[in-house]
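There are 2 protein chains.
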Amino acid sequence: MDQHELRELGQRLRVDSVRAAGAAGSGHPTSSMSAADLMAVLLAEHLRCDFEAPSNPCNDHLIFSKGHASPLLYALYAAAGAISDEELLTFRAAGSRLEGHPTPRLPWVDVATGSLGQGLPIGVGVALTGKRLDHGPYRVYVLCGDSEMAEGSMWEAAEHAGYEGLDNLTAVIDVNRLGQRGPTRHGWDLGAYARRFGAFGWHTIEIDGHDVGAIDAAYREAAATEGRPTAIIARTEKGHGVAAVADREGKHGKPLPDTEEAIAELGGRRALTVETRHPVAEPCGRPLERGTVRLPRYGIGEEVATRNAYGEALTALGHARGDVVALDGEVSDSTRSGFFAKEHPDRFFEFYIAEQQLIAAAVGMQVRGWTPFASTFAAFMTRAYDFVRMAAVSRADINLVGSHAGVAIGEDGPSQMGLEDLAAFRAVHGSTVLHPCDANQTARLVAAMADAEGIRYLRTCRGASPVIYGPDEEFPIGGSKVLRASPGDEITLVAAGVTVHEALEAAERLGPAGITARVIDLYSVKPVDAATLRDAADVTGRLVVVEDHWPEGGLADAVRGAFDDGRPLPRIRHLAVRKMPGSATPEEQLTAAGIGSDAIVAAALDIMDLAAIS
Amino acid sequence: MDQHELRELGQRLRVDSVRAAGAAGSGHPTSSMSAADLMAVLLAEHLRCDFEAPSNPCNDHLIFSKGHASPLLYALYAAAGAISDEELLTFRAAGSRLEGHPTPRLPWVDVATGSLGQGLPIGVGVALTGKRLDHGPYRVYVLCGDSEMAEGSMWEAAEHAGYEGLDNLTAVIDVNRLGQRGPTRHGWDLGAYARRFGAFGWHTIEIDGHDVGAIDAAYREAAATEGRPTAIIARTEKGHGVAAVADREGKHGKPLPDTEEAIAELGGRRALTVETRHPVAEPCGRPLERGTVRLPRYGIGEEVATRNAYGEALTALGHARGDVVALDGEVSDSTRSGFFAKEHPDRFFEFYIAEQQLIAAAVGMQVRGWTPFASTFAAFMTRAYDFVRMAAVSRADINLVGSHAGVAIGEDGPSQMGLEDLAAFRAVHGSTVLHPCDANQTARLVAAMADAEGIRYLRTCRGASPVIYGPDEEFPIGGSKVLRASPGDEITLVAAGVTVHEALEAAERLGPAGITARVIDLYSVKPVDAATLRDAADVTGRLVVVEDHWPEGGLADAVRGAFDDGRPLPRIRHLAVRKMPGSATPEEQLTAAGIGSDAIVAAALDIMDLAAIS
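Residue numbers (my numbering), protein chains in the order written: chain A, 1 to 614; chain B, 1 to 614.
Simulated from the structure, these hints should not be mistaken for laboratory data. Since this is a predicted model, take the numbers as computed values, not measurements. It is possible that some hints are incorrect.
As the list makes no split between identical chains, a pair holds if one copy fits it or if it spans any two.
[Unchecked claim] Within a straight-line C-alpha distance of at most 30 angstroms, the following computed BS3-like cross-link-like pairs (lysine-lysine) qualify:
| hint | residue 1 | residue 2 |
| --- | --- | --- |
| 1 | Lys342 | Lys131 |
| 2 | Lys131 | Lys579 |
| 3 | Lys342 | Lys579 |
| 4 | Lys254 | Lys579 |
| 5 | Lys131 | Lys254 |
| 6 | Lys342 | Lys254 |
Bound-form chain A, shown alone (with noise of 0.2 angstroms):
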């Protein structure tokens, strides 16, 4: 297109993001209007994407970090003919693929977005898997808001791209000087981002962001730099094109004052279209075939931490499956994944002390069809919360697996320790929670989480814990375990991890004192065996309930949850950490906490005496 035509074309972009907006009665135009020459000018001349096959694995990928200005993407996808006018006008109507913010209920948009932050480190991981695993010819534009370069992902973004080189990642800063409140931090003051992505190491390029040759310059400057990222970063006007808005505060997310009266201002309506130009067909992509699992087999009775089970079967299932991939946050070393690393190094992705980097690595790498593993302590997985939140949005597939779990790690103390994992990944959408308690059970759960869907969280130990299941045992998603069970039981000890191994001994200990215990080993802590539950419930009416994490939305919480057939729920005695931990060794930790043996079999006899006595 000539320079007319661009800006022809980003007219139209700002005249449809009014519209949809407009019609939709809420949503942020004028946060589009500023970019709406940027995304212009990349549309016609510089994205490879062919839009009627989004699963082409040549294609460009657009993510939008300012998710709020879905209208201009909704809009771009209107100009290059992927959605009709008739849908963009569905705009944030129930039903309709056209959210609020975008998510991957359309199919070319990759993850969801609007928790800002977090496009730009996606992105990233998407740019790194085309440099890295697919080898692939397609590059990776991300369009960031200037508001959004206060979050810290952003710059775990910029460290890692600067980094790892990755040249075939831009980034479109679109500096349009108004946050949602009121004036941004910098301004206009291009130069302030520049010294920034400047010092992460990239390239940056400072220009006039509704200038089309400057804008076309750019990308085409970017896409000739070699061996770093580009950030191009633009001088915008929200609102741009209609005086009612433009550069004005208060206007953010709502629709134009008169709708009809902007689209005038803007010069009405244009039928201009767009041919994006289509991918090189090039090779590219993950390996397909599979072989033969060959799990790591474990003896009964041996004491592995389940960390290491974990470490030795992710490396297993990345010799039979060419497309898993492991990432970790500095700490291979502890989780285990170093194991991977050393037998795959092209697979493993070091993310140094960064996890929400991490996690967004792993959602990029799913993006293009691979399964990621990433690996940290299981306390500092809620550094990344907000982004597994939202990779839950993206209906992505990931593998999170957090190690060092619960008061059971013992000297290093409470910061260290994975105490609300379980609750924090119960509560995310769709997700499978899994918790084993020896090397077997770990090595199975392992290759079969990599075939799960969403969100999978894995949570393992740091001590050793002995064998008591044989290599050939199964353990399904959404099964348990009854370690020990006859028709007399009178009491059912339900626990997972390390709280098995005292659950078995409490139950050793109960036998003498005339009590006969059901265990059950709930591995699956979501899905849980709802069934096997309401079955011990049923026999002996009494539940002990014993986990090593805070009491609120962990293992008792599930166990409770699987009563809710309307039926009464059994009696229900909950060990859990209560007290803030210190430092002291495992086992004065499991004691102290009250979730060792000796506090199993205790309340085990007081419910059995409640129960005598009412």
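Given the coordinates of chain A, assemble chain B onto it according to the supplied hints.
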């Protein structure tokens, strides 16, 4: 001290670090040894701190952002005579205050660290308090690891400190080149750090971190630098002083191979002690007087959003109490903390879109006794979950307010909906979780939470809802309100926030169907009013719990947990958000999620039927 003595003091700190870790059999002596000279010079020559009066408001603050270097911190305390040598050797033992990572169980420790990347943002909060609230003479020193510079939160802190011109803040970056599992990203490239800090507006000084003269000069230069924070970027050697570990990989987080040999190599134990400078006594600190709080009063039947009531109540609280401060993450027009900003601009703090720094600053402000209220969307509180988790380890007293809860926000879609916040905040040790349904209730809870302990979380809603309580009604934390009750009630509807109004409507509609329903407004989600729930269960036998939240970890889990007294639980039907929402109006969202009045009526009828046929 002269340079010889300073070097000797550094050696003493190394020896004591080695001894402490040796006695414990674990810990991070090598990470302590790298920074020993940096801290020796600080303690002896610059830190103004009366260790005998840790609550002296004029004391300087020293925060170990690299909390794993706790042996060094404790060695400093021993050298200053604050702890005995006997106590030093209790490091990491059960019951000892000298935990694996520092916590405020020690009176000189402001905040718990150990989750990397948090000490600097919290230090920014303390320094900001010094500048803008206390107007105090104190300086804030933060010892940072080089590895943790990968955390985005460190750059949120760098950005905020640079922007605010915090020249009372000095960050000391201990560039020892080695992380946990191997070399850091930038190794000994001091310039990499200097360029980044410089770009963010800091003064930077690059030094040899084992040259006590250079260290001393750097602290002087930092103190003399006006209008900018200073980063002292020091090249150091991990394990410096002991050849067996110095600058070697694989020596992280473990005692030295031979403690006695190492002590000998370091020149043996020293008797050298430090008399630190005491702070200049200056007026400093927060206003302690309290006036009468004149909370806003709303008339029954008015339509008011609880977020509005929050803003108005906080403003009123601010008039009565000079210690109350408000912080927001660039959404004060939405959370309504902007109301406070307008009337109390000197006590309002804008953090732009940087939720980690937002919460960290709140933690920093409460270190100095201020009462912070930090607000953003409930959904975006997840961004700072690790900071909240650690704030609990810090025994911090902070108020957090999440607006725009649940699907009821409407068209903006799932990225903006807080649907996991109750689960996340319930699973924080010692937390208080409140979710009001009307404006008078909100106002009362705002006043109440300001005096509660620990992490207090208030969940507010976007849309207006009818005022159902009079302005003189009381709402104790841990309470609930029975909105409808009669002795013959057959079923109980339990709700909070927006679902209270749906439950009331459902109860109205059940009446003509011949079913009398009790309605409980469970505004205090944690602690929960177990007595009222048990009483309702005893009377009605059946509960329908309805919440605008994912099914896990929220209201229903709190309700079920109230029956942990060993009695059998009642029949429960649970209505919650079970499908990923899209865009739609608030009313459409409640219906689609199955948490509106229609769904409640249907669930009530269903559970009554079940009861009838059982």
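Checked hints:
no.	hint	verdict
1	Lys342 with Lys131	within (20 angstroms within a copy, 50 angstroms between copies)
2	Lys131 with Lys579	neither (48 angstroms within a copy, 36 angstroms between copies)
3	Lys342 with Lys579	neither (40 angstroms within a copy, 41 angstroms between copies)
4	Lys254 with Lys579	between (47 angstroms within a copy, 27 angstroms between copies)
5	Lys131 with Lys254	neither (40 angstroms within a copy, 37 angstroms between copies)
6	Lys342 with Lys254	between (53 angstroms within a copy, 23 angstroms between copies)
Of the hints listed earlier, those the structure fails to meet are numbers 2, 3, 5, in rising order.
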